Amino acid sequence: MGFLLVEVAVFSAIATRFATLVNALEVLRISAELGLLALALTPVIVSGGIDLSVGSLMGLSAVVTGMLWRDAGLPIFWSAAAAIAVAGAAGGVNAVLIARLQLSPLIVTLGTYSLFRGLAKGLTAGVETYTHLPDSFLFLGQGYLWGVVPAQLPLIAAAAAGYWLLLHRTTVGRALHAIGFSPEGARYAGIPVARRLALVYVLCSLTSGLAAVLYVARLGQAKADAGTSYELMAIAAVVLGGTSIFGGRGTVHGTVLGVLAIAVLQNGLRLSDLPVELAGILAGVLLVSTLGVRRFLSRRSHP
Amino acid sequence: MRSETRQREVAVATAYGLLLVVLAAAAPGFFAPGNLRDLLLDNAAVLLAAVGMTFVILARQIDISIGSQFAVVAVVAGSLSKTGVPMGLVVPLSLLLGAALGALNGALVVLDLPSIVVTLATMTALREALRWQTQGEDVLGLPDDFQWLGLGQDAGRWVIIGLALAVFLAAWWASGNLGAGRAVYATGSDAAAARLLGVRPKRVVFSVFVLLGMLTALAAVLSAVRFPQVQTNAGLGLELKVIAATVVGGTAVSGGRGSLLGTLLGVGLLGTLGPALTFLKVSAFWEQAFQGAILLGAVALEGLRRGAQPPIVRSRRLRTA
Numbered sequence: 001m002g003f004l005l006v007e008v009a010v011f012s013a014i015a016t017r018f019a020t021l022v023n024a025l026e027v028l029r030i031s032a033e034l035g036l037l038a039l040a041l042t043p044v045i046v047s048g049g050i051d052l053s054v055g056s057l058m059g060l061s062a063v064v065t066g067m068l069w070r071d072a073g074l075p076i077f078w079s080a081a082a083a084i085a086v087a088g089a090a091g092g093v094n095a096v097l098i099a100r101l102q103l104s105p106l107i108v109t110l111g112t113y114s115l116f117r118g119l120a121k122g123l124t125a126g127v128e129t130y131t132h133l134p135d136s137f138l139f140l141g142q143g144y145l146w147g148v149v150p151a152q153l154p155l156i157a158a159a160a161a162g163y164w165l166l167l168h169r170t171t172v173g174r175a176l177h178a179i180g181f182s183p184e185g186a187r188y189a190g191i192p193v194a195r196r197l198a199l200v201y202v203l204c205s206l207t208s209g210l211a212a213v214l215y216v217a218r219l220g221q222a223k224a225d226a227g228t229s230y231e232l233m234a235i236a237a238v239v240l241g242g243t244s245i246f247g248g249r250g251t252v253h254g255t256v257l258g259v260l261a262i263a264v265l266q267n268g269l270r271l272s273d274l275p276v277e278l279a280g281i282l283a284g285v286l287l288v289s290t291l292g293v294r295r296f297l298s299r300r301s302h303p
Numbered sequence: 001m002r003s004e005t006r007q008r009e010v011a012v013a014t015a016y017g018l019l020l021v022v023l024a025a026a027a028p029g030f031f032a033p034g035n036l037r038d039l040l041l042d043n044a045a046v047l048l049a050a051v052g053m054t055f056v057i058l059a060r061q062i063d064i065s066i067g068s069q070f071a072v073v074a075v076v077a078g079s080l081s082k083t084g085v086p087m088g089l090v091v092p093l094s095l096l097l098g099a100a101l102g103a104l105n106g107a108l109v110v111l112d113l114p115s116i117v118v119t120l121a122t123m124t125a126l127r128e129a130l131r132w133q134t135q136g137e138d139v140l141g142l143p144d145d146f147q148w149l150g151l152g153q154d155a156g157r158w159v160i161i162g163l164a165l166a167v168f169l170a171a172w173w174a175s176g177n178l179g180a181g182r183a184v185y186a187t188g189s190d191a192a193a194a195r196l197l198g199v200r201p202k203r204v205v206f207s208v209f210v211l212l213g214m215l216t217a218l219a220a221v222l223s224a225v226r227f228p229q230v231q232t233n234a235g236l237g238l239e240l241k242v243i244a245a246t247v248v249g250g251t252a253v254s255g256g257r258g259s260l261l262g263t264l265l266g267v268g269l270l271g272t273l274g275p276a277l278t279f280l281k282v283s284a285f286w287e288q289a290f291q292g293a294i295l296l297g298a299v300a301l302e303g304l305r306r307g308a309q310p311p312i313v314r315s316r317r318l319r320t321a
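Chains as they are written, first to last, in our numbering: chain W, 1 to 303; chain A, 1 to 321.
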């Protein structure tokens, strides 16, 4: 949180047009997809797992959307909805392997990371792009409500609220914290661990599909490379926001702050005419130092 | 060696054998000497990095930054050579750089930070820093002694393949016969117990990251000398290939279990897949999907064989107390 304030202060001083409402809303627009992924990953990581396949799933969903719309002739919004459903099914693969067979989430999602991206590339022969999407659809990613508010905002706000409720106000959320802290303990406490885990992974993939739809609407094209490297930034945002990568500890509001921290960083650097690569470097440094500080502080209170 | 490891090695070898049989039947042109030699050449770098990664994963850590390390070392090696530094110096300097990059990861992990986040951070920071420095431009105009280490294509090819195999054999021997090798298994299996045996877990963890860094650097140099320019996006996706090959080969991410022979077989299987698809007239764009499927298949089979018995769940933190 503190870092975010520092960022805002610094960029307000040195960047042109940074401290304006228009820019603030633009930041929210651009961080829409990253934000959705980070929100979806939060319960996954809190439960002690991880999902590296969210970015690749975006690519697959984007391609499916394009294919259904252009080649199968489905109306665009139905194509998008179907693509999200396909994403959910794909998440089912993760869910079965992780929740049922109890395999390492890191390795399973590493495999699906390759599988989903590979399917997307294979289906499009690596080159196919779906463009000239209808304006009604593009409004979702490029339009403004009442002329000012980016169209994605209500969607993201709803998603954030939903995830917050899930993780912090429902028994399912409590169960996830428990599972992340100690899966065996959770099992002995009567929590249906496999079912809860399956839920978060499928939910995660559905959200990933939604992120893909927004991505396609924003860029105006559906390609197999959609969402490349998004999973890493999303994980960074979640960890920055205070969620422990080992599970058992984490908040949705923390994730939101983490996403904003990264988005503001990228936006501010761009407006300050500083090299964009600095964003990646600073993000890395920030990640390590934040973790280091937290570890140091917790050592002091838990000797 | 535990029998599970043996079982996995046999399974991968069988799968590999099947692939080769299919190729022999449907596309015997695959086995032309030139093609096989190129196959070995292409996978030499992956093998080197995979050897290093095996030790890291055995120690219950992970390193997803090797792709970026690879790119940095390749570009630095090329740039050094361009400014007139002889290859005899460029190679050891590159190894030193690799060791330093590995040491950075190792030091942060030993400070009790989770390796996946640490290497995520270094991966991003290194890749971006490199891009900033090169502005996306490849390194061109390399001197003659850079290409093939100045040995010419024929000799150079075999030197690369030979080096990779030599390193593998040394590592394989060390993992089973040197105290240091066994210490890695011990640390990954149970760091606290290892400490009681006299192993220094922190030292072991730090060392495996440094080793991986050096091997990645060697892989980078041996790859770079094959081409007339060094590309700034070198090594993209390397960490995935390497981790997948290691895991398919039987090394478990929970640490303490696995073998270098398995890694060799994993590298072979996944490395042959791409060219095999081409020879079997399957579009190369499906390669990544196949790689993912194989990885999933391998771990799923193991999961099914293990039955409903849940794995021992342990924290990934380096607990030494």
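Derived from the structure by calculation, the hints contain no laboratory data.
Predicted model only: the values in this text are computed from it and were never measured.
Be aware that one or more of the hints could be misleading.
Computed beta-carbon distance windows for the label pairs [unchecked claim]:
id : chain 1 : residue 1 : chain 2 : residue 2 : range
1  : W       : Leu274    : A       : Thr14     : 36 to 46 Å
2  : W       : Thr228    : A       : Gly84     : 34 to 44 Å
3  : A       : Leu18     : W       : Pro75     : 42 to 52 Å
4  : W       : Gln221    : A       : Gln133    : 28 to 38 Å
5  : A       : Asn35     : W       : Gly190    : 51 to 61 Å
6  : W       : Gln221    : A       : Gly179    : 53 to 63 Å
7  : A       : Asp38     : W       : Pro192    : 33 to 43 Å
8  : W       : Thr20     : A       : Asp38     : 23 to 33 Å
9  : A       : Val85     : W       : Ser229    : 31 to 41 Å
Note that the Cβ used here is the ideal one computed from N, Cα and C, for glycine as well.
Do the hints match the structure? See the list:
Checking the proposed 36 to 46 Å range against W/Leu274 and A/Thr14 shows it is violated: the Cβ atoms sit about 55 Å from each other. Our hint of 34 to 44 Å for W/Thr228 and A/Gly84 holds, since their Cβ atoms are close to 38 Å apart. Distance hint for A/Leu18 and W/Pro75: a CB-CB separation of about 45 Å, consistent with the stated range 42 to 52 Å. In this structure the supplied range 28 to 38 Å holds for W/Gln221 paired with A/Gln133, their Cβ-Cβ distance being about 31 Å.
With their beta carbons about 59 Å apart, A/Asn35 and W/Gly190 fall inside the hinted range of 51 to 61 Å. For the hinted restraint 53 to 63 Å between W/Gln221 and A/Gly179, the CB-CB distance of approximately 57 Å keeps it satisfied. For the pair A/Asp38 and W/Pro192, the supplied restraint of 33 to 43 Å is violated, since their beta-carbon distance comes to about 52 Å. Judged by the Cβ atoms, the range 23 to 33 Å given for W/Thr20 and A/Asp38 is violated: they are separated by roughly 57 Å.
Checking the proposed 31 to 41 Å range against A/Val85 and W/Ser229 shows it holds: the Cβ atoms sit about 33 Å from each other.
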